[in-house]
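Student: As a plain string of letters, each chain reads:
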Amino acid sequence: MGQCGPARGAGSTRSVVRALALGIAGALIFTGCTVERYWGGEKVADNGKAKIGLVTKTDTNPYFVLLRNAARQQARKHGVEFSALAGRFDGDNAGQVTAIENLVQQGATTILITPNSSTGVLAAIDQARAKGVMVLALDTATEPENAVDGTIATDNTEAGEKQGRYVRAALGNTEPQLLMIDGTPGSSVDTERHTGFLRGFGMKEGDRRILGADSANGDQNMAQEAAENLLQRARSVNSVYTMNEPTARGFNAALQGSGLDPIVGSIDGGCQGVSNVRSGQIDATVMQFPAKMAQLGVDAAVEHAKSGKKVSGFHNTGSIVITDKPMPGVPSKNTEWGEKNCWGDT
Amino acid sequence: MTTSVETAPSARKTNLGEFILRTPAVGPALALLVAIAVFAMTTDTFLELDNLSLVVAQSLVIGTIALGQTLIILTAGIDLSCASIAVLATLVMADLAVGGMPGWVALLLGIVVTSAIAALNGALITSIRLPPFIVTLGMFTIATAVARIYSDGQSIPTTDSVLRWLSTRRYLFGGIEVTYGMTLALIMVLGLAYALAKTAWGKHVYAVGNDPEAARLSGISVRRTLLSVYIVAGVIYGIAAWQALGRVPNADPNAFQIGNLDAITAVVLGGTSLFGGRGSVLGTMIGALIVATLRSGLTQAGIDDLYQDVATGTLVIVAVALDRLSRRKQS
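Protein sequence lines, in the order shown, are assigned to chains A and B.
Here the numbering used here runs 782 ahead of the position in the first sequence, where the first position is 1.
Here the numbering used here runs 243 ahead of the position in the second sequence, where the first position is 1.
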């Protein structure tokens, strides 16, 4: 390594050039083929037909994969063009801005977006709307909410409140000793669920019966670590808020062998989460309905392309407690129902 | 293993292959042109002037970070902390501006922060002789955490006109939208290219990257050269932070989490060798443009982004394979 001599045979340089040409050709054949396969050479149509772009937070979370698949399926049903883009990690604002810009350039009539940071992508959304594109927020509201034409989402405060009400009811008359595992600090979903939970639980922020709280960014491994640390000093815990199901699973992993058995609540309604409820690892989870968000979003896009009518305001796609130990005063469905309506794989 | 630093090309007959080898930016430039040609043919929106402007704007932040990364990679080093340092600087700049400080002071202080951290990297690498990979891996972790601590996990929007200056003031140049950010990037590329090609410092950078021992024997202060490279890179990261605020006027501790890898991608696609001693800043800017072009073109062709990542990754491997092959042929 590090050597370089002035002598180069003409033959060897030629083969390097050949390799270079091959490499470029290879890359182009790859991209070229995919272009062909996707559009079949068809050109952009602008005859009242919707062209929908979906921008999710990431490609990795099964929740967004479901959102994407449901939207694609619905778009196929309507026979309209659809493409899906995403940020590459939670908080990738620049990636989402780039995705929006490229979709506008592509001639999208509607952009459905699960915005990363509520304020991060507002400027790009503004520009898209100025060019006549309808922008709908899916799953996560922007801040302020009217930065987009409309929002189709779970009311996360309400979902958090349902979790809180269930966990409190399950405690009965026992004095609560609460641990909270939050999501990504600063994200609106995290804040809303947290606030909603405390409201439903009947407790104020800063209450001394909250033994501890930590953020785990919705990640199972981080949640396990956070829970292990919290459990070191909070042996009297009897109730747990988790921001989503991977977080609950992380908490459960931390509980193993500790001899503790607190009431664990969660939110999401993924199929794995529902099966965790069935097996008793999670006591109750609040199911949300991403497929419904995607379908409503695509339907709205198709309608908008046809008639120019725009969706406005907040559309709550609802949420429901899933548990096999129903509590009085907390409406819920059992895990059998949950398994039929959950999202993702078990 | 004997080593001879390459001398200026003699009067020997040169053919196209040698030209490409000697001028590392030519290969990437060709790849970029071919990509543009393909997208121009397969989509009817790619080749619009607006879109070409957009592609350039989209490549500015990573492109700028990658300029600093190029300098370090030329010395056979690597900087994994580059993007996290820039993210920290966006937070510092936005926070100070929100706190009432004049925008240009906030900007300068942000650049001071990035330079200081990069200088610390350089000092650890040169004085204790730690491998750059380890030092910057540690600094990457630290800077990411400090950014979250500093901002309390919250993003900080900014409306300061100085901090947003690189994107908000646009002028038309023969119908083409050009932002000040683009102009600044161009000036930086030209300035760095000049410094690398025409000054003693630039020659030292290449020499240290080729073979530090040989460089030392020929009277170059390897330590001083390395340290200067890290500091210059730090200043560049500060400017990248400025570009980032121009593009998204919202400093976010979670932004550019894999910006370090993106920057390395741009450097490698730009024909700079990860083994040091060979490459160019012009190539790096082209490398950043290639990534943005693929993203934009493939989106307009209606292709989902996971396939876009497959395409980018493939190109990276091809680029490094070519570098490896050409080195083997030369030896």
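Quick caveat, the hints were computed from the structure, so don't treat them as lab data.
Quick caveat: nothing in here was measured; it's all calculated off a predicted structure.
One or more hints might be untrue.
Unchecked claim - So the derived list for chain B, only partly shown, Cβ under 8 Å to chain A, looks like this:
{"hint": "1", "residue": "I392"}
{"hint": "2", "residue": "G396"}
{"hint": "3", "residue": "S398"}
{"hint": "4", "residue": "R413"}
{"hint": "5", "residue": "R490"}
{"hint": "6", "residue": "F499"}
{"hint": "7", "residue": "Q500"}
Stated by the list, open to error - Calculated from the model, a selection of chain B residues having no Cβ within reach of chain A, i.e. all distances over 10 Å:
{"hint": "8", "residue": "A362"}
{"hint": "9", "residue": "I371"}
{"hint": "10", "residue": "L373"}
{"hint": "11", "residue": "V432"}
What the hints assert, rightly or not - Here are the simulated distance ranges between beta carbons:
{"hint": "12", "chain 1": "B", "residue 1": "A283", "chain 2": "A", "residue 2": "E927", "range": "20 to 26 Å"}
{"hint": "13", "chain 1": "A", "residue 1": "K1088", "chain 2": "B", "residue 2": "F376", "range": "53 to 59 Å"}
{"hint": "14", "chain 1": "A", "residue 1": "K1088", "chain 2": "B", "residue 2": "L429", "range": "30 to 36 Å"}
{"hint": "15", "chain 1": "A", "residue 1": "R1017", "chain 2": "B", "residue 2": "L363", "range": "39 to 45 Å"}
{"hint": "16", "chain 1": "A", "residue 1": "T977", "chain 2": "B", "residue 2": "E291", "range": "31 to 37 Å"}
{"hint": "17", "chain 1": "B", "residue 1": "V563", "chain 2": "A", "residue 2": "E927", "range": "30 to 36 Å"}
{"hint": "18", "chain 1": "A", "residue 1": "N1116", "chain 2": "B", "residue 2": "V277", "range": "36 to 42 Å"}
{"hint": "19", "chain 1": "B", "residue 1": "V563", "chain 2": "A", "residue 2": "G1090", "range": "47 to 53 Å"}
{"hint": "20", "chain 1": "B", "residue 1": "G343", "chain 2": "A", "residue 2": "G984", "range": "56 to 62 Å"}
{"hint": "21", "chain 1": "A", "residue 1": "Q855", "chain 2": "B", "residue 2": "I501", "range": "52 to 58 Å"}
Heads up, the beta-carbon is just placed ideally off N, CA and C, and yes, glycines get one too.
Student: Is the Cβ of B/V432 farther than 10 Å from every Cβ of chain A?
Tutor: 21 Å, holds
Student: Going by Cβ atoms only, is B/R490 closer than 8 Å to chain A?
Tutor: 7 Å, holds
Student: I want to verify a distance hint. Is the separation of the beta carbons of A/N1116 and B/V277 within 36 to 42 Å?
Tutor: At roughly 59 Å between Cβ atoms, B/V277 and A/N1116 fall outside 36 to 42 Å, so the hint is violated.
Student: Holds or violated: 30 to 36 Å for the Cβ distance of A/K1088 and B/L429?
Tutor: 45 Å, violated
Student: Go through the hint on B/R413 and say holds or violated, using the shortest Cβ distance to chain A against 8 Å.
Tutor: With a minimum Cβ separation of about 13 Å from chain A (threshold 8 Å), the hint on B/R413 is violated.
Student: B/L373 clear of chain A by more than 10 Å, beta carbon to beta carbon?
Tutor: 20 Å, holds
Student: Could you check that no beta carbon of chain A comes within 10 Å of the beta carbon of B/I371?
Tutor: Since the minimum Cβ distance to chain A is about 23 Å, B/I371 lies beyond 10 Å and the statement holds.
Student: Confirm or reject the claim that A/T977 and B/E291 have a C-beta distance inside 31 to 37 Å.
Tutor: 45 Å, violated
Student: Let's test the interface hint: is any C-beta of chain A closer than 8 Å to that of B/F499?
Tutor: At about 7 Å, which falls below the 8 Å cut-off, the nearest Cβ of chain A leaves the hint on B/F499 intact, so it holds.
Student: Should the hint that B/G396 touches chain A count as held when the rule is a Cβ pair under 8 Å?
Tutor: Since chain A brings a Cβ to about 3 Å from B/G396, closer than 8 Å, the hint holds.
Student: State, for the Cβ atoms of B/A283 and A/E927, whether the hinted interval 20 to 26 Å holds or is violated.
Tutor: 40 Å, violated
Student: A range of 56 to 62 Å was offered for this pair. Does it hold for the Cβ distance of B/G343 and A/G984?
Tutor: 41 Å, violated
Violated hints, listed in ascending order, are 1, 4, 12, 14, 16, 17, 18, 20, 21; each of the other numbered hints is respected by the structure.
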